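Sequences listed follow chains A and B, in order. Counting with this note's numbering, you get residues 98 to 523 for the letters of the first sequence. Counting with this note's numbering, you get residues 98 to 523 for the letters of the second sequence.
Hints listed in this document are in silico derivations from the structure and should not be mistaken for laboratory results. These figures come from a predicted structure and were not determined experimentally. Using N, Cα and C, we set each Cβ at its ideal position, and we do this for glycine too. Don't take every hint at face value.
[Claimed, not checked] Footprint (simulated), chain A over chain B, 3 or more residues, beta carbon under 8 angstroms: (1) 155-167; (2) 415-425; (3) 473-479; (4) 499-510.
Spelled out, the chains give:
Number of protein chains: 2
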Amino acid sequence: MKTLLKNVTVIPMTKKEYFFQGDILIDDKKIAYVGPSYQGDADITKDCSSFIALPSFVNAHTHLAMTLMRNYKDSQENLQAWLAEIFPIEDKLNEDDIYYGSLNGLAEMIKSGTTTFADMYFQQWKTIEAVKKAGVRGCISVTFFGDEAETDRRINYNYKRIVEEKNGDDLIICHSAPHAIYTCTKETYQKVAKFSKDNGLYINTHLSETQKEVDDCIKQTGLRPAEYLDSIGVFDTPTYVAHGVFFSDEELKILKRKNVSVVHNPSSNCKLASGICPISHYKKMGINVALGTDGASSNNNLSMIKEMRLAAMLSTVSTMKPASITPYEILEMATINGAKALGLADKIGTLEVGKDADIVLINKNIAEMTPLNNIFSALVFSMPDRAVDSVYCQGKQLLEDGKLLTIDEEDVIKKINKQWEDILRR
Amino acid sequence: MKTLLKNVTVIPMTKKEYFFQGDILIDDKKIAYVGPSYQGDADITKDCSSFIALPSFVNAHTHLAMTLMRNYKDSQENLQAWLAEIFPIEDKLNEDDIYYGSLNGLAEMIKSGTTTFADMYFQQWKTIEAVKKAGVRGCISVTFFGDEAETDRRINYNYKRIVEEKNGDDLIICHSAPHAIYTCTKETYQKVAKFSKDNGLYINTHLSETQKEVDDCIKQTGLRPAEYLDSIGVFDTPTYVAHGVFFSDEELKILKRKNVSVVHNPSSNCKLASGICPISHYKKMGINVALGTDGASSNNNLSMIKEMRLAAMLSTVSTMKPASITPYEILEMATINGAKALGLADKIGTLEVGKDADIVLINKNIAEMTPLNNIFSALVFSMPDRAVDSVYCQGKQLLEDGKLLTIDEEDVIKKINKQWEDILRR
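If we strip away everything but chain A, and leave its shape as in the complex, we get (with noise of 0.2 angstroms):
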């Protein structure tokens, strides 16, 4: 089968803050062209007159099913008080909790023009379930607390129902998620860095989150977080970690080494008094610096069009220097960096011939984006989320005109709201 998308304006993301008006042809589930008008043969023309295109956004840290937590006690003092309000939810949530908290959160994902994101969660493969009935690509991991005895039977049991459940699609990337510092010991981020080499896992943790972690592990080990887990070996397997917002020079000069992506979140960091993450700092330093949206109860949603505009707005007042990150560098954030972060970057994240057709179209026949001038700051700072008109994953259209083609959102709302109201009473 294959799509024309005729006279769109592309931007291919393959170089700095170029765009054209021209021809994609997705050919099953591959670009096959990209560039001026194409002379071939199409099964279905697509006038894209209006349209942006972009490679959909890589949402490159989440907790999926925590929508159903969205706005749930969300006022808390810091990170370590919301903790203690959220564990314990945790600790109930079922199956069926897990499938429909992940299908809301595709449906917001797709909507927004998101079709890879990476996960931390539970019980993951209903979210697996999910992200396959939504159509999107999933990096789902293995999330790890606690120690050495509780680590094997993750592997034993939760990695082996991932890799049933994946079943060889390729759309499922499997991870494994060392939680954090302060929730693992040293032992288990050892076994799972070992496993995950073994497996050809990405690792996927939380690090130097709050001034409060990189304090505690200080005492605890005489290290900051990132030269901790360097001194332990985790690094010498892929690893991308979420938040960053303390890192010193000497840290990201480890993490450059060692090639560690930082996803940056800024609105969990805002919410959750975090602090605000020097991300133009640490692309000086030669990090690959991602965007992920946090899990939608600390957020509280999962839109990337969001995670954009205040990583871009975030950077200029902190710095005082409005070209402190540039909007296309923003936009690289959200595509091919968060594609390098998840080791996907031969497969997605800009729009070229042979990689996978992950597209989205923006329109930009509206008000709120007229007149268009910078088309990378209209992009960033004015592009409502309802500008998303389609989007595709792998060839296959799950947005059009703004609807879900995949995804019964009103069917999802109510058993999301039924699920959530039966957690309040268990």
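Based on the hints, put chain B in the right spot on chain A.
For chain B alone, coordinates are given in the frame of chain A:
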């Protein structure tokens, strides 16, 4: 004509964190009933069980026609460098530019739930024409720049044109706007203050937007900006000031005593690297803090929804206290506090019998707002622009199912693009 909004989740904004399920009756221009199930008759009954009703938003500081310069040279070093790019463009604007620039901004504002705004700009008889077409409520300022002679010219010509165009329409409210202390002389401020007092006009001015403005003011007058305006008698006329990022406690005491409102513009203050306004401190000092988008060229849009979210995020991360401003207080800033700032609290800003029917209906049955849990958090942190379903101003419906009823958006987009091309050629 009586319209009954049936079975709606009402947030009247009359008392702290209060909401209920009930009915609202719109009778012609006014709210005739707000409460539990209404028993009388109505011409139209609308099932609102999916909706939250709020007083529609008050954008207490903008430069409406600046939608023309949206995303135009918008990553300058600071306010001064940006103004140096903008002023030459403004010199070229004609009446058609102002009309279509305004209409485009009004389309955007209505779509995001705003029906009242405070405008400071030029040739605003054309803005008034657009406001009348759109059907919203505009506080339109006679804008002053420069010395006394220029002030006289603007009083004699611009004010007259604005009053003529208003032509008795009570949705058009005339204010007066000396631009800033760095563009207007002392004599201009004093003349404008007297003229405003004599004619019952509120004063709208930029104040304490950047550290440079504060430093220059101290150098030139020995006083900080609010002390200076107070010393020359400006605050004896009702005044609201935009930005107000750097007020000292002494200045805040003056503002409190003189009942001067501060309009917070978080996007613009970030984008232009002005700084973060400490609104939680201002509120503790008893200041009425309202919210505004500033012009679309330093934002880069006019959505109070985006502005509320950013205001909340910045307050938390800059104070490191998630409870520094509650979501409910953010909603107050966007509704009743704006009404107070503009002298309209007897007419709008809450949902109460006898007030004008300025109402926004927000669709809560969408993935992004499910589960709802804390309704105030949901509105401030989760709500996408697309959640706005219907908007009424003085009883007239301006938006239905997200579609504009009084503005032909497609036509405006064509016209503004044409005007803008023309401006760049002039």
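Under a C-beta cut-off of less than 8 angstroms, do 3 or more residues of the region 499-510 of chain B approach chain A closely enough to confirm the stated coverage? This one holds; 5 residues, not fewer than the three required, reach chain A with a Cβ under 8 angstroms.
Checking C-beta pairs, does the region 155-167 of chain B have three or more residues closer than 8 angstroms to chain A? Coverage by chain A holds here, the residue count being 4 at a Cβ distance below 8 angstroms.
Go check the region 473-479 of chain B versus chain A for me, would you? Three or more residues, Cβ under 8 angstroms, otherwise it fails. Coverage by chain A holds here, the residue count being 4 at a Cβ distance below 8 angstroms.
Check, residue by residue, whether the region 415-425 of chain B contains three or more positions whose beta-carbon lies closer than 8 angstroms to a beta-carbon of chain A, and give the verdict. Result for this restraint: holds, n = 7.
The structure shown violates none of the earlier numbered hints.
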